[in-house]
Amino acid sequence: MNWLVPLPVVIPLIAAGLALAMSRRPRVQGAISVAALSLVLAVAVGLIFVTHTQGPQVVNVGGWSAPVGIALVGDRLSALMLLVSAIVLLCVLLYSLAQGIADGNEGAPVAIYHPTYLVLAAGVANAFLSGDLFNLYVGFEILLAASFVLLTLGGTGERIRAGSIYVIVSLLSSILFLIAIAMIYAATGTLNLAQLSERLLDIDPGVRLVLQVMLLMGFAIKAAVFPLSAWLPDSYPTAPAPVTAVFAGLLTKVGVYAIIRMQTLLFTDGALDTVLMWAALLTMLVGIIGAVAQDDIKRLLSFTLVSHIGYMIFGISLANQTGLSSAIFYVAHHITVQTALFLVAGLIERRGGTTSLEKLGSLGKLAPALAILFFVPAMNLAGIPPMSGFLGKVGLLQAGLELGSSLALATVAAGLLTSLLTLYAVVKAWNKAFWQDAPEKLPNESTPRSMFGPTAVLATLGVLFAVIGGPLYNYTDAAARDLQAQTPYIDAVLVHGDRGEGDSDAAGGDDG
Amino acid sequence: MIDMTPNVTLAIVVGVLVGTGVYLLLERSLSRVIIGVTLISNGVNVLMLIAGGAAGGPPLIGSGPPEDMADPLPQAMVLTAIVINLGLTSFVLAMAYRSWQLHGHDEVQDDLEDRRIARRAERGAVDKRDDDVGTNLAIEAAEARDETEEVPLVTGHGPQLGAEDDDVTGRRS
Numbered sequence: 101m102n103w104l105v106p107l108p109v110v111i112p113l114i115a116a117g118l119a120l121a122m123s124r125r126p127r128v129q130g131a132i133s134v135a136a137l138s139l140v141l142a143v144a145v146g147l148i149f150v151t152h153t154q155g156p157q158v159v160n161v162g163g164w165s166a167p168v169g170i171a172l173v174g175d176r177l178s179a180l181m182l183l184v185s186a187i188v189l190l191c192v193l194l195y196s197l198a199q200g201i202a203d204g205n206e207g208a209p210v211a212i213y214h215p216t217y218l219v220l221a222a223g224v225a226n227a228f229l230s231g232d233l234f235n236l237y238v239g240f241e242i243l244l245a246a247s248f249v250l251l252t253l254g255g256t257g258e259r260i261r262a263g264s265i266y267v268i269v270s271l272l273s274s275i276l277f278l279i280a281i282a283m284i285y286a287a288t289g290t291l292n293l294a295q296l297s298e299r300l301l302d303i304d305p306g307v308r309l310v311l312q313v314m315l316l317m318g319f320a321i322k323a324a325v326f327p328l329s330a331w332l333p334d335s336y337p338t339a340p341a342p343v344t345a346v347f348a349g350l351l352t353k354v355g356v357y358a359i360i361r362m363q364t365l366l367f368t369d370g371a372l373d374t375v376l377m378w379a380a381l382l383t384m385l386v387g388i389i390g391a392v393a394q395d396d397i398k399r400l401l402s403f404t405l406v407s408h409i410g411y412m413i414f415g416i417s418l419a420n421q422t423g424l425s426s427a428i429f430y431v432a433h434h435i436t437v438q439t440a441l442f443l444v445a446g447l448i449e450r451r452g453g454t455t456s457l458e459k460l461g462s463l464g465k466l467a468p469a470l471a472i473l474f475f476v477p478a479m480n481l482a483g484i485p486p487m488s489g490f491l492g493k494v495g496l497l498q499a500g501l502e503l504g505s506s507l508a509l510a511t512v513a514a515g516l517l518t519s520l521l522t523l524y525a526v527v528k529a530w531n532k533a534f535w536q537d538a539p540e541k542l543p544n545e546s547t548p549r550s551m552f553g554p555t556a557v558l559a560t561l562g563v564l565f566a567v568i569g570g571p572l573y574n575y576t577d578a579a580a581r582d583l584q585a586q587t588p589y590i591d592a593v594l595v596h597g598d599r600g601e602g603d604s605d606a607a608g609g610d611d612g
Numbered sequence: 012m013i014d015m016t017p018n019v020t021l022a023i024v025v026g027v028l029v030g031t032g033v034y035l036l037l038e039r040s041l042s043r044v045i046i047g048v049t050l051i052s053n054g055v056n057v058l059m060l061i062a063g064g065a066a067g068g069p070p071l072i073g074s075g076p077p078e079d080m081a082d083p084l085p086q087a088m089v090l091t092a093i094v095i096n097l098g099l100t101s102f103v104l105a106m107a108y109r110s111w112q113l114h115g116h117d118e119v120q121d122d123l124e125d126r127r128i129a130r131r132a133e134r135g136a137v138d139k140r141d142d143d144v145g146t147n148l149a150i151e152a153a154e155a156r157d158e159t160e161e162v163p164l165v166t167g168h169g170p171q172l173g174a175e176d177d178d179v180t181g182r183r184s
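Sequence lines, in order, name chains A and B. Quick note: the first sequence uses my numbering, first residue 101, plus one each step. Quick note: the second sequence uses my numbering, first residue 12, plus one each step.
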């Protein structure tokens, strides 16, 4: 069943080409995009079953065996990431289609929207599936290039301002990543993740630490971990609502995924666990304090996004199975909830004409459906008991207590405080936008029903994660066990000891 | 086996390219930032070549003993990195041009929103609805009534009360 593995990358890329060719027919473009992403969703479902029952699936691209050629690997972790991202991508696409129909597609360069969006989907999938460090870099570049275009869509002054900061920071993180790749190749002579995990153990610990720091810097900028997170709340809020939603949901999580992969497969000696835990603690607190100060819903949500990245980094830094498993659970929960909230923010902007909390009000009376749609994911984000946010946080806090070091306990306390402050921030937003009377009368706009659908699906999904919490935790436990054992991944890639399936005899040196 | 000792000249080239690149990256003007990014990327590309070891023969089967061949992988990676860098540079150039169209310069501007919030906090001018929970105790107490109080007067009970009601109002007030 390993033919499933490359499909999440290939289908959106082909569809992007088709959509570009159909740039004069927006309807056909929309149909192509929806069809492509639905197919990816189906593939992701298939992949999750196959990897869960038969172990990691590997494709050696072009038939070249693993360390020589490029391997695409789907294991439990990447299959889950793919599934969640496919759902989110599809929902946001439907939302933006509904928005386009409502706006009559005027003034917006939709002709490039669909192809770029599909390329973004391909880049995200490529990053999740990559079994090779350089291919991971290419995946990052694909999604970054697409995100540059989406973020500056229309080229208004504000978007160019926010976009230039985002672009420069992203370029810098890519350069750091590339330097790390060059140094890793110089030190080990390979970039295949499975082979690296064996070879990195043999090199000097000092060199290994330098390599780890370099990679971590590159990924931490992408994931918006505290000292490197200042770019995010600045650049995300200006983009169109669906774009912000998909960026907030997915792009930072690709960085988190890369950190998980790197900490479990490449650098297992735990040299930076303490640093990561400090970063997690500070990310949570600084992020949420920023959110409390904001008076614009989109900016507030961007700060909560930064803050909650801290939870995932905390789970990774614990480096035990419970911690990893809860971190993976939390990633899945947070992707859906954060995307849903940004989509709701887009709906609020349409209904109230602004996202500034100083001008909004009385939406609870005017748009009760919208109020419910905001309330459910907001409470889920804060971690109110029966919901999935609570389950994720409980898992992480338990794992922190299990470890029991004083720093872990301090981070657990910070996590609780962050959860409380998140509740304060979203309730403040809720009060001002929905509960209190508006300072001035809001415009009498109506929001199209078709935009509610995808938002509601995502909000419900966030709640549904709690209903299927048991099976989902079983799955993430298994994924975390695989990650810590490493052998399932390595054995699947390097079937013949030091070579994978495919054409390449062990001719000549072993450096490639 | 080819020589794996790094070449000093190449290492210095990397240092100079990355150093000047970082200096330019710290500038405000987008066009200088682009030149900076390009310089750094080229420096990193040279670093990648160093990672592959010294130059050897062409890596083609049959062209010589495999031990004397150059490592082809870093070259392939450098090629990919150059192409990616070309695409991204052209995008930033387009963005700089757009910024020049809109503002007459291509300087990266600050985000004003955070500064506005900080200034407002300094002035102590918090949004007056901030701590307002939608109720005011004094008003609520005045409005609250129970059966021990006199029946309050409500105007507009209905048409049947008519003129008498007006009289009552007059006397009491």
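If you're looking for bench data, these hints aren't it; they were derived computationally from the structure. Positions of the beta carbon are idealized from the N, C-alpha and C atoms, including for glycine. Wrong hints could be hidden among the right ones.
In the SDA-like style, the derived pairs of lysine to any residue whose C-alpha atoms are separated by at most 25 Å in a straight line are [claimed, not checked]:
#1 A:Lys459 x B:Ala129
#2 A:Lys459 x B:Ile128
#3 A:Lys528 x B:Ala22
#4 A:Lys528 x B:Leu123
#5 A:Lys459 x B:Glu133
#6 A:Lys528 x B:Arg127
#7 A:Lys528 x A:Ser456
#8 A:Lys459 x B:Ala132
#9 A:Lys528 x B:Glu133
#10 A:Lys528 x B:Asp125
#11 A:Lys459 x A:Asp334
#12 A:Lys465 x A:Gln421
#13 A:Lys528 x A:Val392
#14 A:Lys459 x A:Lys541
#15 A:Lys459 x A:Val527
#16 A:Lys459 x B:Arg127
#17 A:Lys459 x B:Arg134
#18 A:Lys541 x A:Glu458
Pulled from the structure, derived: some chain A residues nowhere near chain B, Cβ distances all over 10 Å [unchecked claim]:
#19 Gly146
#20 Thr252
#21 Ile260
#22 Gly263
#23 Phe475
#24 Leu523
#25 Thr587
#26 Gly602
### Message
I'd like to know which numbered hints this structure contradicts. Please list them from smallest to largest.
### Response
3, 12, 20, 21 and 22
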